[in-house]
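J.: Here are the chains, one letter per residue:
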Amino acid sequence: MFSPRFFGPAGFGPLRMFDELSRMRRNMDRLMETYGDRPAYAPSAGVFPAINVSESDSHYTLRAELPGVGVNDLDITATGRNLTISGERKLATEDASARYHRREREGGRFSRALAMPGDIDADRIEARMANGILTLKILKAESAKPRRIPIGS
Amino acid sequence: MTETTSNEMKVQEKKEVAAPAEQTRPGVLFSPDVDIFETDRQITLLADLPGVTPDQLTIDLRDDVLTITGDVPSAAGPEEKALFTEYETGRYYRQFTLSEVIDQARIEAQLKDGVLRLNLPKVAKATPRTITVNAG
Numbered sequence: 001m002f003s004p005r006f007f008g009p010a011g012f013g014p015l016r017m018f019d020e021l022s023r024m025r026r027n028m029d030r031l032m033e034t035y036g037d038r039p040a041y042a043p044s045a046g047v048f049p050a051i052n053v054s055e056s057d058s059h060y061t062l063r064a065e066l067p068g069v070g071v072n073d074l075d076i077t078a079t080g081r082n083l084t085i086s087g088e089r090k091l092a093t094e095d096a097s098a099r100y101h102r103r104e105r106e107g108g109r110f111s112r113a114l115a116m117p118g119d120i121d122a123d124r125i126e127a128r129m130a131n132g133i134l135t136l137k138i139l140k141a142e143s144a145k146p147r148r149i150p151i152g153s
Numbered sequence: 001m002t003e004t005t006s007n008e009m010k011v012q013e014k015k016e017v018a019a020p021a022e023q024t025r026p027g028v029l030f031s032p033d034v035d036i037f038e039t040d041r042q043i044t045l046l047a048d049l050p051g052v053t054p055d056q057l058t059i060d061l062r063d064d065v066l067t068i069t070g071d072v073p074s075a076a077g078p079e080e081k082a083l084f085t086e087y088e089t090g091r092y093y094r095q096f097t098l099s100e101v102i103d104q105a106r107i108e109a110q111l112k113d114g115v116l117r118l119n120l121p122k123v124a125k126a127t128p129r130t131i132t133v134n135a136g
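Sequences listed follow chains A and B, in order.
Counting in the UniProt record's numbering, the first sequence runs from 1 upward without gaps.
Counting in the UniProt record's numbering, the second sequence runs from 1 upward without gaps.
Each hint should be verified, as a subset may be incorrect.
Unchecked claim - Here are the simulated EDC-like cross-link-like pairs (lysine to aspartate or glutamate), alpha carbons at most 16 Å apart as the crow flies:
id: 1; chain 1: A; residue 1: Lys-145; chain 2: B; residue 2: Asp-64
id: 2; chain 1: A; residue 1: Lys-90; chain 2: B; residue 2: Glu-80
id: 3; chain 1: B; residue 1: Lys-112; chain 2: A; residue 2: Asp-73
id: 4; chain 1: A; residue 1: Lys-137; chain 2: B; residue 2: Glu-80
id: 5; chain 1: B; residue 1: Lys-122; chain 2: B; residue 2: Glu-88
id: 6; chain 1: A; residue 1: Lys-145; chain 2: B; residue 2: Glu-80
id: 7; chain 1: B; residue 1: Lys-10; chain 2: A; residue 2: Asp-121
id: 8; chain 1: A; residue 1: Lys-145; chain 2: A; residue 2: Asp-121
id: 9; chain 1: A; residue 1: Lys-137; chain 2: A; residue 2: Asp-121
id: 10; chain 1: B; residue 1: Lys-15; chain 2: A; residue 2: Glu-106
Hints are computed from structural coordinates only; laboratory data are not their basis.
Predicted model only: the values in this text are computed from it and were never measured.
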């Protein structure tokens, strides 16, 4: 018996293949462009919101671009070292008589889950929303913090 | 299939653009996503500018060319080490040519949650006047 799954994930048709290839080529182009102290840029590959994660000795900091998303339309949950950011971006309905010249902004529901590389203190996550950027300050669990090892002589 | 789930957000990547002129400031230039619509009275422009604060936003209208520029400084502190980077920050830049005459005095701009809302009221059509000709 053949199951459809045998042929790979749903939607992996020629079109998807082409998208994948053109994306790879664009990524390569970008890699070539990387220079100086500009960090290597990993394109979000079709996810919303785009997220940046950085770490310091005591914290992970997660930033996400969420323009026009209200605090009440956003839901953040932490389970173990996994974080889920979900919500809905609502675009206001405008005057019915309005004629559109450009319509590039997108609205709708979104959800992203990602795992922090180390253990986190889920009770002490600080979330802030300012100018359309969500910032999460995530305290590392004691076990994930770097420790200086004294060397005996 | 993603198409079957209703009103799931369609994803767009941040669009990097080439600089219109040589830049004196290092950094990447991005083209913000916009909605532009028009009613009888005004043109409204909505632009996604995440990370731009009101003092970093410049809106310029001259000779029917509207220019929006917004700078986003890097948010990361010096002690932070990037683990992964899906978006970059830099300058948002976009220009539009307006075909309507805009009443410059009544332009309103509001920046909220990283979205700019710009109301550009049209100049009221000149009211027709009859000119009486006096016989001389």
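J.: Hint by hint, say whether it matches the structure.
T.: Structure-based check of each hint:
1. A:Lys-145 / B:Asp-64: Violated - the C-alpha atoms of Asp-64 (chain B) and Lys-145 (chain A) are around 56 Å apart, more than 16 Å.
2. A:Lys-90 / B:Glu-80: 33 Å, violated
3. B:Lys-112 / A:Asp-73: Judged against 16 Å, a Cα distance of about 15 Å means the pair holds.
4. A:Lys-137 / B:Glu-80: 12 Å, holds
5. B:Lys-122 / B:Glu-88: Since the Cα atoms of Lys-122 (chain B) and Glu-88 (chain B) sit roughly 36 Å apart, the hinted pair is violated (cutoff 16 Å).
6. A:Lys-145 / B:Glu-80: Distance of about 14 Å is within 16 Å: holds.
7. B:Lys-10 / A:Asp-121: 33 Å, violated
8. A:Lys-145 / A:Asp-121: Holds, at about 11 Å.
9. A:Lys-137 / A:Asp-121: 11 Å, holds
10. B:Lys-15 / A:Glu-106: 14 Å, holds
The structure is inconsistent with the numbered hints 1, 2, 5 and 7, although it conforms to all the rest.
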